[in-house]
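S.K.: Here's the letter readout for the chains.
2 protein chains.
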Amino acid sequence: MASEIEIEQQLAPLRLLVKEQGDRVRELKESQAPKADISRAVAELKRRKKQLEDKEKALNPPDEFNRSQLETLLKQRFFYRPSFSIYGGIAGLYDFGPTGCAMKNNLLQEWRLHFVLEEDMLEIESSSLAPEPVFKASGHLDRFLDYVVKDVKTGECLRADHLLDAHLEKLLADKNLEGDSRQEIINLRTKVESLSLQELGDQIKKFEVKSPVTGNNVSDPMPFNLMFRTEIGPSGGVSGYLRPETSQGMFVNFDYLLEYNQGKLPFAAAQIGSAFRNEVSPRSGLLRVREFTLGEIEYFYHPNDNDHFKFDSVADVEVTLFPKDHQVSGKPTRKMSIKNAVDEGVIGSRCMGYFLGRISLYLTKMGIDPKYLRFRQHMDNEMAHYATDCWDAECKTSYGWVECVGCANRSCYDLKCHVKATGASLCARETLKEPISVTINEYHSSKVGKAFKGDAKKIMQYFSNLDNDTAEKYDKMLKDTSQIEVDIDSKKLTISEDMIAVKRYEKEIHVVDITPSVIEPSFGFGRILYSILEHNFRIREGDEQRSWLSLPPPVAPVKCSVLPLSAKKEFDPYIKQLASELKLHGISNKVDDSAGSIGRRYARTDQIGIPYGITVDFDTVTNNPATVTLRERNTMQQIRLNADIAPKVVSDLVKGLTTWKETITKYHLFEGQESKK
Amino acid sequence: MASEIEIEQQLAPLRLLVKEQGDRVRELKESQAPKADISRAVAELKRRKKQLEDKEKALNPPDEFNRSQLETLLKQRFFYRPSFSIYGGIAGLYDFGPTGCAMKNNLLQEWRLHFVLEEDMLEIESSSLAPEPVFKASGHLDRFLDYVVKDVKTGECLRADHLLDAHLEKLLADKNLEGDSRQEIINLRTKVESLSLQELGDQIKKFEVKSPVTGNNVSDPMPFNLMFRTEIGPSGGVSGYLRPETSQGMFVNFDYLLEYNQGKLPFAAAQIGSAFRNEVSPRSGLLRVREFTLGEIEYFYHPNDNDHFKFDSVADVEVTLFPKDHQVSGKPTRKMSIKNAVDEGVIGSRCMGYFLGRISLYLTKMGIDPKYLRFRQHMDNEMAHYATDCWDAECKTSYGWVECVGCANRSCYDLKCHVKATGASLCARETLKEPISVTINEYHSSKVGKAFKGDAKKIMQYFSNLDNDTAEKYDKMLKDTSQIEVDIDSKKLTISEDMIAVKRYEKEIHVVDITPSVIEPSFGFGRILYSILEHNFRIREGDEQRSWLSLPPPVAPVKCSVLPLSAKKEFDPYIKQLASELKLHGISNKVDDSAGSIGRRYARTDQIGIPYGITVDFDTVTNNPATVTLRERNTMQQIRLNADIAPKVVSDLVKGLTTWKETITKYHLFEGQESKK
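Going line by line, the protein sequences match chains R and P.
Taking full-length UniProt numbering, the leading residue of the first sequence gets 1, the next gets one more, and so forth.
Taking full-length UniProt numbering, the leading residue of the second sequence gets 1, the next gets one more, and so forth.
I should point out that these hints are in silico values taken from the structure, not numbers from a laboratory.
Just so it is clear, the structure is predicted and the values come from calculations on it, not from any experiment.
Any given hint could turn out to be false.
Short, incomplete list of chain P residues facing chain R, as computed with Cβ under 10 Å [what the hints assert, rightly or not]:
no. : residue
1   : Leu73
2   : Lys75
3   : Ser83
4   : Leu93
5   : Gln109
6   : Val152
7   : Phe228
8   : Thr293
9   : Met383
10  : Tyr399
11  : Gly400
12  : Trp401
13  : Glu403
14  : Leu426
15  : Asp480
16  : Ser482
We put the CB at the ideal spot given by N, CA and C, even for glycine.
Given the sequences, and given the hints that come with them, work out the whole structure.
M.R.: Here's what the structure looks like:
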């Protein structure tokens with residue numbers, strides 16, 4: 001494999017190309033160039049970045065990793081499989097078998113200990129089904145969509161932007177394409193992702209794009225919302241959706257959570273639950289699916305105080321950061337401590353830094369290889385509609401860098417949206433040290449109700465929330481034209497002078513309403529699980545067929561195997577006793593008394609990552625007190641110890657109260673059956 | 001309250017009425033009376049049973065229980081609340097707050113230890129979304145429905161049978177109603193629940209039934225499926241449903257699970273997950289909801305061997321049983337050991353008995369009061385479409401007896417359904433001790449394919465699965481008429497002599513296919529949680545306002561409170577130290593340093609059922625080593641002990657390694673702040 005220096009030499013020219021384009025984008029923005037020019041330049045920047053990443057990937061492949069061998073193992077040992085396979089399966093849906101389900105439960109349990117218990121988070125469980133107005137308010141109904149076209153004959157749906165781009169790429173491949181047309185297409189390609197629905201349709205018509213699968217014509221593009229729709233209740237009146245994220249359940253309950261926390265900021269809510277996205281084309285196994293488990297944290301804090309009181313506990317954690325300006329200028333990632341990153345302004349706040357540190361600790365404890373973990377900051381144009389800053393914890397896999405955890409600054413976006421939609425008061429109250437004086441605009445009316453009936457309440461609410469500038473503007477309008485026009489819920493309303501009166505005065509206030517800011521770490525457990533599996537897939541030296549998983553004990557689906565050396569009846573009582581004592585310690589175990597050499601059965605337990613194995617052999621029966629062997633998976637070393645203490649020793653090892661190194665010093669290394677096989 | 005003897009005296013005449021009608025039903029069945037007569041008699045039997053139950057409930061109300069006081073507590077301390085309440089809420093959807101969510105997580109965690117870990121069950125996690133053919137095969141598409149009518153003006157839906165019955169009841173209330181009409185209505189009421197769609201519609205028209213809410217006319221009744229429908233994928237081609245139970249995910253994966261279990265029977269699969277039912281009218285809080293968490297076990301066993309190898313471990317468990325013949329004959333429940341119940345044939349198999357015993361142990365450990373727990377066997381006419389026997393673990397609450405766990409014998413129903421729909425082989429292979437001789441009917445054809453094209457495969461499959469009798473019948477038909485008519489997937493097909501040839505021979509076989517039988521314990525965690533809350537709701541003697549929850553430590557949402565006696569800065573370091581050490585032991589805790597007397601704060605912790613509380617006071621600061629008090633919730637007793645051992649003592653108490661009684665003997669009872677308040 002190429003050395004780091006050799007790799008950097010090969011990457012240097014590509015980094016330069018990225019940097020040049022990054023500078024160009026900055027210049028355009030600074031000179032306030034037309035939006036279309038900027039978006040074209042940004043698209044070109046993205047292309048160059050992709051080129052750089054592909055090259056990096058090619059020069060730096062994961063260590064001798066054979067994906068199909070891993071996939072065979074995962075299928076055979078039922079980590080997960082496509083759902084409903086006897087019915088032909090449904091793309092994007094997977095079932096976790098006993099091994100995958102246990103591993104996932106371990107991830108969730110450790111997440112609860114690491115985040116919820118450790119920080120006294122308020123864990124809740126809200127509904128997966130939600131009525132339409134919730135997602136109207138959150139912006140998902142209008143913005144959580146892809147544009148698709150339909151094959152006019154088969155009805156098959158295709159992503160419109162992907163289709164157009166692939167078509168243009170094909171055109172460019174034609175060497176006879178003339179200069180002007182070529183340039184036009186090159187220009188168009190740079191902005192495919194930012195075309196409007198109308199523009200996409202026009203271009204698809206103009207270039208006579210067909211379905212690449214069937215050669216049939218395609219329909220006009222249409223927006224396709226990625227939420228699953230259903231109807232709640234029998235009358236068919238209430239449109240509902242399956243949630244695409246769990247967070248809204250925490251935002252709509254903000255007031256109750258604040259009350260539970262005795263009115264104090266900051267606090268964190270947390271939730272583990274299913275989310276659902278109707279992907280147009282699910283792919284890459286567990287990485288892009290239609291139903292998945294999220295773990296989300298909403299950390300609500302005072303917008304003027306973005307410190308975190310436990311910051312010091314992560315200050316020295318080393319992380320690999322890929323800030324947005326490095327991406328724009330083609331610079332590589334930086335490895336630095338959380339403290340330095342915050343001090344140098346790479347990470348924007350101590351609070352954001354704290355969570356990145358905690359995320360890093362969690363992932364590496366769960367078995368993510370730190371070499372293949374980085375935090376990449378979103379570029380300004382790739383953030384979700386609710387975010388002002390976002391860092392993704394990305395794990396490197398054979399599919400490339402995969403976003404496993406997103407850590408977004410949602411500011412006050414969501415709470416404000418729900419306040420606007422419902423009029424509920426979702427804010428904290430802050431008692432000021434010194435009272436302040438504010439201008440109160442008190443609007444009175446008897447006639448608004450009569451004139452506007454159902455809308456009257458909203459109108460008066462609108463006026464009572466006016467800021468001073470607007471209030472003064474309205475004063476002037478009323479004086480000048482005897483009426484004002486307001487725009488409430490997209491309705492234009494005219495309010496005349498005689499309907500409304502304002503009383504304005506100064507008031508000393510001691511308490512102010514605060515809409516908290518929100519940092520949201522959001523964990524995709526399916527992606528984390530898959531990345532852990534790739535990072536821990538191993539082949540025993542000298543035996544290519546013997547694959548195994550080096551899963552850390554807290555994550556391993558089963559903690560200990562219990563194996564009779566061979567199928568002798570006299571081993572049975574020991575096997576039963578050991579299995580039942582392990583259970584008393586809460587240690588899951590698997591008895592494998594099937595035929596097959598002990599070596600072969602060790603290999604089977606290694607395949608599902610069982611870290612420890614107790615074997616009952618002839619010496620167990622003849623020794624007094626009975627003894628057994630205990631084997632560690634990674635080293636394949638064995639010790640011999642008394643049967644009655646073996647379960648406790650395994651329990652201590654699994655719970656991290658002792659290490660294997662300490663254990664082999666205490667007992668003796670044993671030349672076991674495996675080496676004799 | 002009335003004594004048990006007095007109560008039985010009052011119930012005796014009602015029991016007699018039930019018995020008489022039960023005998024009548026049996027006679028009708030034995031004499032093979034017309035179906036309509038039987039169903040009328042059964043409906044009357046149900047009515048009499050209901051009357052008996054209502055009387056029992058009236059004579060035996062739960063001990064001084066005030067539901068609205070409990071509901072206030074649950075809302076205030078955010079155990080659960082209606083979802084999306086700031087949007088006006090959606091009936092049948094609830095969000096669990098920090099207390100309810102923690103309690104529910106505890107129930108799930110204990111369930112995993114009690115069932116999955118203890119019995120090496122294969123826990124899986126399958127999709128909530130499923131394509132239509134799965135539920136077509138399982139019978140849910142055709143049979144999981146209610147009949148509803150619509151208010152023709154408002155569109156509101158109403159259960160058709162409930163509507164008709166309520167209308168008839170009102171008519172009967174009219175004293176002027178004449179003899180013949182009265183008798184006709186009485187007869188009709190006995191069979192309302194068993195009316196067909198057509199008959200329901202006719203009766204609603206005949207009696208001119210209107211909506212009781214608006215007085216408007218109602219539509220013809222229509223079937224309303226209780227599954228939520230959606231569309232999977234963008235093309236709109238794939239109809240999908242949210243699962244109404246988690247079990248199908250285990251049945252469709254049977255083959256992979258069997259393979260994981262190395263081909264051996266018996267074994268149990270288990271799953272915890274969400275299920276969804278679009279109830280027409282959700283009600284009674286958590287008891288009838290649209291989204292809920294189930295824990296389901298499918299115990300797959302050889303149909304000829306319904307023993308359970310751990311039966312002895314539950315043989316002496318005492319349970320209260322309400323067998324179907326007791327219900328039919330008006331006899332009361334029986335309290336007996338699982339062993340006696342199986343020996344006397346009250347419970348049909350050791351395997352069913354085993355699970356009833358385990359369920360009882362789990363529920364009582366979780367805080368269900370054994371006095372208010374019974375196992376009621378389903379009557380023949382109330383079982384789900386898949387069951388051949390079923391026992392419900394019912395908990396008595398202020399809503400009456402509530403089904404919290406169903407334990408159904410699903411026999412081989414589901415596996416056979418999926419085999420029929422997909423042709424997959426969902427069976428185990430049994431190696432026979434002695435080979436047996438079987439008749440093989442081998443059908444050959446070259447012309448079926450040509451004649452029937454797409455259906456040919458199904459036809460040949462049909463023939464290859466023929467039993468001997470049918471095969472011989474077809475032989476005769478072919479001889480007599482040169483053709484046979486078969487009915488495959490509701491298509492009538494004619495197959496002529498020249499299309500098909502049979503080769504019949506005897507064969508010795510050593511291995512047979514076995515479709516396992518299934519016992520399914522199915523736990524509704526929302527209902528269990530609510531019943532636990534009712535059974536553990538208490539009021540402190542002498543203070544009606546002071547309600548508290550006597551939740552067992554494993555279930556309590558928070559295990560320990562940490563309280564400073566008052567708001568002194570010098571208490572802070574001790575509070576922090578104690579909280580962080582408790583966490584190291586995995587003990588969730590809640591610091592309450594809000595203003596308010598210590599007594600008031602104890603009361604707050606009692607309200608959410610925190611079993612232990614550590615208090616830091618002036619002696620903590622002055623004593624060397626520092627000491628604290630430890631308070632137990634149920635007795636309100638306190639001990640004084642060294643601060644550094646307090647977390648370990650609490651951890652041992654919570655984990656059941658010691659008892660409070662042992663603890664107060666070891667340390668000294670302390671006359672604490674609470675009694676001085």
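S.K.: Next step is simple, just say for each hint if it's right about the structure.
M.R.: Here is what the structure says about each hint:
no.	hint	result
1	Leu73	13 Å, violated
2	Lys75	9 Å, holds
3	Ser83	4 Å, holds
4	Leu93	4 Å, holds
5	Gln109	8 Å, holds
6	Val152	12 Å, violated
7	Phe228	5 Å, holds
8	Thr293	8 Å, holds
9	Met383	25 Å, violated
10	Tyr399	22 Å, violated
11	Gly400	25 Å, violated
12	Trp401	27 Å, violated
13	Glu403	22 Å, violated
14	Leu426	8 Å, holds
15	Asp480	39 Å, violated
16	Ser482	38 Å, violated
Hint compliance for this structure: hints 1, 6, 9, 10, 11, 12, 13, 15 and 16 are broken, all remaining hints hold.
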